[in-house]
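Starting from the known structure of chain A, arrange chain B on it as the hints suggest.
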Amino acid sequence: VSTGAVTADTTGTAAAPPKRRARVTDRAKAERRLAYWLIAPSVIVMLLVTAYPIIDAFVLSLQRADLRFPNANKFIGFSNYGHVLSSSLWWSDVFHTLFITVVTVAIELVLGMLLALAMHRAIFVRGAIRAIGLIPYGIVTVVAAFAWRYAWESDSGWIPHLLGLHSDPLASTSGSYIAVIIAEVWKTTPFMALLLLGGLALVPDEIHEAARVDGATTWQRFWRITIPLMKPAILVALLFRTLDGLRIFDTVYIFNAGAHGTETVSILGFNQLLNRLNLGLGSAVSVLIFLMVAIIAFLFIKGFGAAAPGAGD
Amino acid sequence: VNARRIALAAAALAALGIAGCGGGGSGGVAKLNYYTFPEPSGSFATAAANCSKASGGRYTITISSLPSDSDSQRTQLVRRLAAKDSAIDLIGMDVNWTAEFAQAGWVRPWSGSQATQVTNGVLPGPIATATWNGRLYGAPLNSNTQLLWYRKDLVPNPPQTWTQMIQDAIKLAKQGKPHYIEEQGRQYEGYTVWFNSLVDSAGGQILNGPSKVALGPAAKQAAGVIHDLATSAAADPSLSNDQEDQGRLAFESGTAAFEINYPFVYPSAQKDVPKIAKVMGYAAYPQMNAGTPARVTIGGINLGVSAYSTHPAAAFEAATCMAQRQYQLINAVKGGLPPVLASLYNDPAVAKAYPFHQLIKQQLSTYGIRPKTPAYSDVSLAIQKTLSPPSGIDPSTAVSQLTSQIKSALSSGALL
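Top line first, the protein sequences correspond to chains A and B. Quick note: to get the working numbering, add 57 to the position in the first sequence (first position is 1). Quick note: to get the working numbering, add 16 to the position in the second sequence (first position is 1).
Hint data in this document are derived by calculation from the structure and do not stem from the laboratory. Treat the hints loosely; a few may be bogus.
As the list claims (entries may be wrong) - Straight line, CA to CA, 25 Å or less: simulated BS3-like cross-link-like pairs of lysine-lysine:
1) B:K168 x B:K193
2) B:K190 x B:K168
3) B:K168 x B:K294
4) B:K100 x A:K131
5) A:K359 x A:K288
6) A:K131 x B:K368
7) A:K131 x B:K423
8) B:K228 x B:K423
9) B:K168 x B:K291
Extracted from the complex, chain A is given alone in its bound form:
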């Protein structure tokens, strides 16, 4: 593999060759038509399983809709959005969600990078190390959340016992956030590491060797070679985890259902939809979460130049 080819590959969209607008041959046309036929089934399935619920949620969000009182349903325009956006509860929950997301993603990036480097450099039993590193990610989130909740329990948990605490860490706001963040980081750092490992694999050894010959230290090589070449992979990893983090539900719900000021926007939506059966208000919350996620994805892609998944091909 030549160095040039690899770097062109890693920089992705930025280095993509200019598109040829020359004549399209009949063969190319036929191929294109065949391609549309081939992707048609998956496009239809995608429309059914994603576009339909999204549109349905939007339509519901414009109504007074309660499962218990179907006769009282009526179209009320955007007033559900008015109720949500004028509620201090929504804004405090947005703040809680952003706080958890920013802190967990930042910690995961650092730990994920260390784990990725370890997995990349491992000489012995590389496969086993990678597999072990991925175990937390393979555990169902709810199960992991229960395991952590029991670990933090003041009477029987091993964490308060280990720390010699006599109070209940989950009975305070700071303790609850610490517990939630640790559980999230433990769970999803492997995913971050996996994405970063993909980026690391694309950094050619030749450049490192050349830099070493020129007298660059390990630290310099990491910051000047590894990081810049990995930038697309890092941005994709950050994007994925940020979008994931904004939808956090399971861990917080299992720990204390959003008590002690840890309620997130997903729990707020759940309470309106499944506890109160208020489909109108709950759908408005869901659509707003969707918009929040879409805006952040847009900022990542436009602002930081993260490649949209698949855009580099």
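Showing chain B alone in chain A's frame:
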């Protein structure tokens, strides 16, 4: 290979689809699906099997277990009932769902001789929980009420009132002895029940009718008691995360002197820690005002018939059969579920299984019930969230906060 995989997957999906649509009746035997909480002793299964046999081939009952906690049970049921799922025939309804399910038209009302049969000799509290707008929507199957459990070795005389209990606990704390009072302070429906019991016991109520907020001085007194407990030495440090089971475990581990909980904790202690069981006393639920018996919010299950059942006649017959005296007795003795028939409390088998049976019967007759409104779930959410955490309650503003939050809960246009 891929094509074959896809074909296999498609076949599997199709099979699932067919299985999902199954269960329709074919003339003869009505196949009844009975959804209820996961009853561990097998006493519900005994009743279902015996009643199926006794029907002479008119129906067979299959039990399907719902999730273990009441909130998740309701979530599954309401989703399916709102979608008019005909695969549900019989429902083991938690007492707090009656108004909601009845108002939405998800369960059928009971009438005529069957209604008389399933309420004959039943204590008034359980009947009240199964009634909405003057009609019966469930056959009362079992009830439940919380008692005060205490350590006889630490507390020679059980406290009569909440104030006294908190003082006793503080005194024990000063002596360096186990002193916690175990209660349900987590943000969930059980916390609403605690508050409701205190408001009722203080002579007030949360709602006056299905949509008018009452509260008043009794609510202030109730919020004050929760606050006093939570901010004193009497509180378990994890009070704000405790449900029934955490309370049971804390009492069994010996750190608590008092516990407010359902009777299941008694056999549990005998099995888990005989040392604690030997000094485990029981008494009536503490009073709010000395001399006035507490009005404890009662729990339990009522058997409802789904409005979308394709075999309603068989379902009513089956529910009537399973709510009979003989099965209530098995549920009580084997399953630890207090019966709703008053006469069963004089049965020697019940007396043996529940040394505290007279206390239960007495509390079931001075019962309190949860606010009766189709929006109970909303009201409960508003109460839990406003009063959470217990130590953060400000008794002087709690009532006005609760009033505005419950009003929001009763309107469909406010976020909770």
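Evaluation of the provided hints:
Between K168 of chain B and K193 of chain B, the direct Cα distance comes to roughly 13 Å. Compliance with the 25 Å bound is thereby established for this hinted pair. Distance check on the hinted pair: K190 of chain B and K168 of chain B sit about 18 Å apart at the alpha-carbon level, within 25 Å; holds. A hinted pair counts as satisfied when its Cα atoms are at most 25 Å apart, and K168 of chain B with K294 of chain B qualifies at roughly 9 Å. Restraint check for K100 of chain B and K131 of chain A: the C-alpha separation of about 21 Å stays at or below 25 Å, so the hint holds.
Restraint check for K359 of chain A and K288 of chain A: satisfied, since their Cα atoms lie roughly 15 Å apart, inside the 25 Å limit. A threshold of 25 Å between alpha carbons decides the hint, and for K131 of chain A with K368 of chain B the separation of about 57 Å lies outside it, so the pair is violated. Proposed proximity of K131 of chain A and K423 of chain B is supported: the alpha carbons are some 21 Å apart, at most 25 Å. Restraint check for K228 of chain B and K423 of chain B: the C-alpha separation of about 8 Å stays at or below 25 Å, so the hint holds.
Between K168 of chain B and K291 of chain B, the direct Cα distance comes to roughly 12 Å. Compliance with the 25 Å bound is thereby established for this hinted pair.
Comparing the model with each earlier hint shows a violation of hint 6 alone; every other hint is respected.
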